[in-house]
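*Asks:* Chains as they are written, first to last, in this note's numbering: chain A, 5 to 490; chain E, 5 to 490.
It cannot be assumed that every hint is accurate.
Copies of the same chain look alike in the list, so a pair counts if it fits in one copy or across any two.
Said to hold, decoys possible - With a straight-line Cα cutoff of 20 Å, these simulated EDC-like cross-link-like pairs (lysine to aspartate or glutamate) come out:
no., residue 1, residue 2
1, Lys-251, Asp-275
2, Lys-238, Asp-197
3, Lys-229, Asp-197
4, Lys-251, Asp-40
5, Lys-234, Asp-204
6, Lys-229, Asp-133
7, Lys-229, Glu-241
8, Lys-229, Glu-203
9, Lys-234, Asp-197
10, Lys-251, Asp-287
11, Lys-251, Asp-182
12, Lys-453, Asp-42
13, Lys-453, Asp-258
Source of the hints: derived by calculation from the structure; they are not laboratory data.
Keep in mind that this is a model prediction, so the values were computed, not measured.
Number of protein chains: 2
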Amino acid sequence: MSRGGQPCGRREGGTCVTEADHNEIPEIVEIPAVRDEDGRISADFLALIEAGIAAEDAPALIGLAGDLHEADVADLIEALPEDERVPLVRLLGDEFDYATLTELDEAVRLSILENLPSDTLAEGIGELDSDDAVYILEDLDAADQAAILDQLPYSDRIQLQRSLDYPEDSAGRLMQTDFIAVPPFWSVGQTIDHMRETEDLPDTFHEIFVVDPGFRLIGSVPLDKILRTKRTTKISEIMTEDPQTFKATDDREDVARAFERYNLVSAAAVDDAGRLVGMLMIDDIVDVIQEEAEEDLRGLAGLGDEEISDTVLVTARSRLTWLLVNLCTAGLAATVISLFEAPIAAMVALAVLMPIVASMGGNAATQTMTVAVRALATRELTARNMLRVLRREVLVAFLNGMTLAVLLGTGATLWSGLPGLGMVIAMAIIINLFFAGVAGLLIPVALEKAGVDPAIASSVFVTTVTDVIGFFAFLGIAALWFGLPL
Amino acid sequence: MSRGGQPCGRREGGTCVTEADHNEIPEIVEIPAVRDEDGRISADFLALIEAGIAAEDAPALIGLAGDLHEADVADLIEALPEDERVPLVRLLGDEFDYATLTELDEAVRLSILENLPSDTLAEGIGELDSDDAVYILEDLDAADQAAILDQLPYSDRIQLQRSLDYPEDSAGRLMQTDFIAVPPFWSVGQTIDHMRETEDLPDTFHEIFVVDPGFRLIGSVPLDKILRTKRTTKISEIMTEDPQTFKATDDREDVARAFERYNLVSAAAVDDAGRLVGMLMIDDIVDVIQEEAEEDLRGLAGLGDEEISDTVLVTARSRLTWLLVNLCTAGLAATVISLFEAPIAAMVALAVLMPIVASMGGNAATQTMTVAVRALATRELTARNMLRVLRREVLVAFLNGMTLAVLLGTGATLWSGLPGLGMVIAMAIIINLFFAGVAGLLIPVALEKAGVDPAIASSVFVTTVTDVIGFFAFLGIAALWFGLPL
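Isolated chain A (complex conformation) (with noise of 0.2 Å):
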């Protein structure tokens, strides 16, 4: 949350009221919205930014900025233009809140971290909780993490250094380190007495923990439930047993799932002996939920975890790679239809149509297989409801392919004045679409048993059992229809 400062002693709407002397008519300062309309940075309120970073004005740039929640400096940073990001930060010296820096892109965050003096970089997080420090930390190469944690105290750097030795995407990185564990015999009032009296809490936490001698979890109390008893009850009375606990080394997207599956606010982590490491928070699961929700769509859409700050090489290269995946697809069904060349040349009409077997196929398919990609992400689709799902992809195939083909085959013979072209277009959109239902259900599904994430993986595959099918059928059943030269 922001720090500091209250450079506006008062604030009633968008305007600033300044206290100069009690006798006096306060001065008013019209401070233009933060955020427009949509949501989006205003324009107005950026112009003032960039006049004060131009005139090199720190009070100004304080009294603008030092106050912003950190979600709102940070798209304010990502809205400048590059040059002029580093010198806010510098200017907004102290009131610069370091937990800004986690709600940037990544590319923005290191090159801003690049440019900060290894001791300021220090001293902004370690003041930070401990798991925006990680988040921070973690993209640093080893030397620049190493030169930040030399500065900080010790035992802020043990704990960091512990938590940045849990593997990448480990539940371990997400949490926050200071939390607060009682043992279960304390009452209510000694419980709420210690933490009016401990000085180095988290910023914000939701339950507390109860823990044995050996530091081991036994059980947790939401914070609700603390203020709603009596000072003289036993905290073993009112703790929950069992809770919800994840291990440091659990995958991230696992405790994404839990916490979604059972509106979980908070969670302890344990290490394998069962001890409180840390304390999961909501809002960087939030991140993770939505994270994994995008990872799912880049991965179909052939896209890596680019970002719109990204550079024009990093975005070619990262796209590429798919590109080239896909012109083998295309190769292949081009090799398709060079078996049919002879039939081509002897009915033209033939080149025309078959791209529309082959691209409604595709469309089916993406459908199928969008929704298998999902269900399985979701684990809703499991192995006692594979067949019944396949049944009902089957089905839906059938009954639109039944309805693509008679549109298509009315069109096909109309323009063609050929009905037997109609009939042939009729049955290839029949069997195409029947294989798109199967594909795009059973490759996402055959690539997850593999270990392989089926978002990124599953429409290359899908796309050439369309593709090549479309091809074969249409082309084939011409060819044989209408006895053409093979």
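Put chain E on the given structure of chain A with help from the hints.
*Replies:* Just chain E, lined up with the frame of chain A:
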């Protein structure tokens, strides 16, 4: 959370230890784990439940499932064959937590709601937090809604009715109407005592609100802050002034974006006059975040809001729309090809290669389009950075177009023995990738400006562009290059 019956005295691992008598050796019954290692309901547990349903053994079922989290019961219900779902709910009786219904797919929920008597439903729903009750009621038709509402106590009925009166997809439908509001002059001690004495508190909450005598919101205090503060301190001294607040009529998507941006766990909902009417909670917002990310994925793949439990007919109809729209696109592409029947008849190799040009353009466009759709949804793409992003997309398209042109040009030359054909396909692929990049970005942007959801409509237009331009460029350049008849 799960209520009532503790059929298993003490749990050790997956084992239930029933202490029949303190002097006897405890009787140990093996209960299989509810979920298997992939997080799906385990086959063993399901078999036990199915046996219990077949034997109509209510006590056994209550012992197995009465104590589970509502999310587990929901997954269990969905794992059961359709005709065993309502019997399970009936057999669980009072031990069935109606919050379970909020975790079910809509089709499953509706079929259960239709098969339970309205007085049973009213009793179960009456015990829920208001946000859960509204979630269940909003899917019912007016008559069924009224039948349940009529059996609720007056105050509950009025509260639920008011929430239901807010528009669909508004914050008002998501909010919890039980919350704690105190005047600013109360002390922390008074507030804690008030919470200890008030009966009708929400199941969970993370902050309390501060209101003026007109019940207008003036601040909020997170629970951890209350617990850290001395009893004598006034609430007004520790409250957050101007907390992030939403109107009950706000769109839930905007609310979700703000929760995510500002890492909120709960927030107040106010009416048009600024009076506090409800509390928005992160667990409901997580569902919205998930749904919104998924909506983009579904939209791009041409899927409506189908669920894996929908019937074949419903699914087929909802997918057909998309296929028919794409049929028009494919028809347009075929029309372009038909303009070049003469050149194709003269050189059949063109028919073999032309789908490659169209499909590479389609793939590149999908990449750009997916980035654009997500960047629009997350407000990362703005009028300000549009030109920068466009320039980047054009450069990426150009770089990848060049690479593909070299590969395809060489391949086509080797295959056909005609260097000219290699040149033609190289030129065509560069042109098509350029248009793919431009259309992939500008079409979603234009659709958003026109007030159409870019996730749903973009890909039809984008595919049309890459198909039409791909075929036109390749066949047109070939006809010119080789002087083919038109």
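*Asks:* Confirm or reject each hint.
*Replies:* Results of checking the hints against the structure:
| no. | hint | result |
| --- | --- | --- |
| 1 | Lys-251 / Asp-275 | within (6 Å within a copy, 43 Å between copies) |
| 2 | Lys-238 / Asp-197 | both (14 Å within a copy, 17 Å between copies) |
| 3 | Lys-229 / Asp-197 | both (16 Å within a copy, 13 Å between copies) |
| 4 | Lys-251 / Asp-40 | between (43 Å within a copy, 17 Å between copies) |
| 5 | Lys-234 / Asp-204 | between (26 Å within a copy, 17 Å between copies) |
| 6 | Lys-229 / Asp-133 | between (25 Å within a copy, 16 Å between copies) |
| 7 | Lys-229 / Glu-241 | within (11 Å within a copy, 23 Å between copies) |
| 8 | Lys-229 / Glu-203 | between (22 Å within a copy, 13 Å between copies) |
| 9 | Lys-234 / Asp-197 | both (13 Å within a copy, 9 Å between copies) |
| 10 | Lys-251 / Asp-287 | within (19 Å within a copy, 22 Å between copies) |
| 11 | Lys-251 / Asp-182 | within (17 Å within a copy, 34 Å between copies) |
| 12 | Lys-453 / Asp-42 | between (43 Å within a copy, 12 Å between copies) |
| 13 | Lys-453 / Asp-258 | within (17 Å within a copy, 38 Å between copies) |
The structure is consistent with each of the numbered hints, conforming to all of them.
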